[in-house]
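Throw the hints in and build the complete structure from the sequences for me.
Residue numbers (the working numbering), protein chains in the order written: chain A, 8 to 160; chain B, 1150 to 1369.
For the record, the hints were derived by calculation from the structure and aren't laboratory data. We put the CB at the ideal spot given by N, CA and C, even for glycine. Check the hints yourself; a few may be wrong.
Unchecked claim - Chain A stretches covered by chain B per the calculated footprint, using a threshold of three residues with CB under 8 Å from any CB of chain B:
#1 54-65
#2 87-95
Claimed, not checked - If you want a taste of the chain B side facing chain A, the calculated C-beta under 7 Å gives, among others:
#3 Ile1342
#4 Thr1343
#5 Val1346
#6 Arg1366
#7 Glu1367
#8 Asn1368
To be verified - Using C-beta positions, here's what the derived DEER-type ranges look like:
#9 A:Pro140 / B:Asp1192: 45 to 51 Å
#10 B:Ser1326 / A:Asp122: 24 to 30 Å
#11 A:Ala70 / B:Glu1350: 24 to 30 Å
#12 A:Met47 / B:Val1354: 29 to 35 Å
#13 A:Leu51 / B:Gly1303: 34 to 40 Å
#14 A:Thr46 / B:Gly1364: 19 to 25 Å
#15 A:Asp55 / B:Gly1303: 32 to 38 Å
#16 A:Leu37 / B:Gly1245: 53 to 59 Å
#17 A:Leu34 / B:Gly1245: 55 to 61 Å
#18 B:Pro1232 / A:Ala151: 45 to 51 Å
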Amino acid sequence: MAAPADHPVLYAIFGLNRAGQILYGALIVLGFAGFVGWTMLPGLSFTDQDEALFRAARHGDRAGVERALAAGGSLVHEAPIDHKTALFRAAVFGHADVVRLLLERGADPNALGADGRSALAVVTAAREEEKDPAAAQALDAVAAVLREKAASP
Amino acid sequence: MTAASRLTWVAVTMLTLSACTSDRAPRGGEPERQLAVATMAGDAARVAQLLKSGANPNKVVVVNGDSQSPWFLALYQLRPRKPETVAIVLSMLKSGANPNDVWGTGGGSQPRESAWTRFWSTGARQSGFGNDPPIHLAMMHPVPEVIQALVAAGFNPRYGGLALEQAVEQQDSAIVSTLVEAGVDVNSLATAITPLVAAIEARNVELMTYLEAHGARENP
Chain A
8 MAAPADHPVL YAIFGLNRAG QILYGALIVL GFAGFVGWTM LPGLSFTDQD EALFRAARHG
68 DRAGVERALA AGGSLVHEAP IDHKTALFRA AVFGHADVVR LLLERGADPN ALGADGRSAL
128 AVVTAAREEE KDPAAAQALD AVAAVLREKA ASP
Chain B
1150 MTAASRLTWV AVTMLTLSAC TSDRAPRGGE PERQLAVATM AGDAARVAQL LKSGANPNKV
1210 VVVNGDSQSP WFLALYQLRP RKPETVAIVL SMLKSGANPN DVWGTGGGSQ PRESAWTRFW
1270 STGARQSGFG NDPPIHLAMM HPVPEVIQAL VAAGFNPRYG GLALEQAVEQ QDSAIVSTLV
1330 EAGVDVNSLA TAITPLVAAI EARNVELMTY LEAHGARENP
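Below is the structure:
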């Protein structure tokens, strides 16, 4: 075996005793697997029904949301790119009625996106930069619905 | 291993390595130097005259100590509010400027980027001699006419992913439609997000609907 001083990094990992090798080896492998799973799972579990549900949520299409949910769209699945649920899509475009519908069907008002913000935080930030009064009012309505549900789940 | 097979291995390795390195920049002469000077002066009439007499905008000459092609200088100084810069870019595109490759350097007085930074950056490089797709430079100060002219000149839509996402972020629907119609992938992942997610973050319903109509999906 090479002298430890020749390979300080390798020695830090493999110079451990057997218990340390197993413990740290397991941590590294599990951590890597967890990271890969966290980045890849939303993409793998995202179905065509989810695609329809998100699209209807973006456009505030109540009937479309009902149809997509009946067809098997999921309130829990996250978008693969930003890890946000259908609730975020309806909320950010100011569709209070669709947000209420999704919450009634069991969507989690406290879910977080990849940026670590909840739907309420996203809507509040959008409200601050909104200049069109009608759109601002719609965002206020969404924020009210989200606050109500987040307070009393 | 015989000497012949060893020689074959060396030859194959050298050929593979040479295929991996980028092409050398085409070097220009006096007409190209004059074209570069006229471009920097913003003299659109002189540029048109030099192009007509055969100066090649793709060829590289030394200007102020930096290797630049007139095509790079024209794209680098492009500003929507300076019509002469737009006219110069358009006339170069008509006279054979390459819509997919441009050689130059973004300012030799600045500190050079490290090779590592350049390896990871997706946009136009800030400094250091090299080549890039012209669309990356054109999107620094985008002009819809110029993007349309690039497309008309035979732009390869493979290079358009980053530009499409930037255009969506800037909510420039003219450039978005030009790029999508040119065949740029609406689900491209040139950056961390797709054009559709960029439209959602900008809360732009028209752009979102347009991208959906051209096949944009949450799961790209």
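_24 to 30 Å was suggested as the range; check whether the CB atoms of A:Ala70 and B:Glu1350 agree with it._
Once the Cβ atoms are compared, 26 Å apart, the range 24 to 30 Å for B:Glu1350 and A:Ala70 holds.
_B:Arg1366 as chain A interface residue, shortest Cβ-Cβ below 7 Å_ = holds, 6 Å
*Note whether the CB distance of A:Thr46 and B:Gly1364 lies within 19 to 25 Å or breaks it.*
Because 24 Å falls inside the window, the suggested range holds.
*Is the interface hint for B:Asn1368 satisfied, with its Cβ closer than 7 Å to some Cβ of chain A?*
holds, 4 Å
*Falls inside 32 to 38 Å, the C-beta gap from A:Asp55 to B:Gly1303?*
holds, 36 Å
*Is it true that A:Pro140 and B:Asp1192 lie within 45 to 51 Å of each other by Cβ?*
The hinted range 45 to 51 Å holds for A:Pro140 and B:Asp1192, with Cβ atoms some 49 Å apart.
*Okay, A:Leu34 versus B:Gly1245 on CB: inside 55 to 61 Å?*
holds, 59 Å
*Outcome of range test on Cβ distance (A:Met47, B:Val1354; 29 to 35 Å)*: Hint holds: Cβ distance 30 Å, inside 29 to 35 Å.
_So is the stretch 54-65 of chain A in contact with chain B by the C-beta rule, three or more residues under 8 Å, or is the coverage claim wrong?_
Satisfied; 5 residues make the cut.
_Would the hint on B:Ile1342 be counted as holding, given a Cβ-Cβ threshold of 7 Å to chain A?_
Status holds, d = 5 Å.
*Interface hint status, B:Val1346 versus chain A (Cβ within 7 Å)*: holds, 5 Å
*Interface restraint verdict for B:Thr1343 against chain A (beta-carbon cut-off 7 Å)*: Constraint on B:Thr1343 satisfied, holds at 6 Å.
The structure fails none of the hints (numbered hints given earlier).
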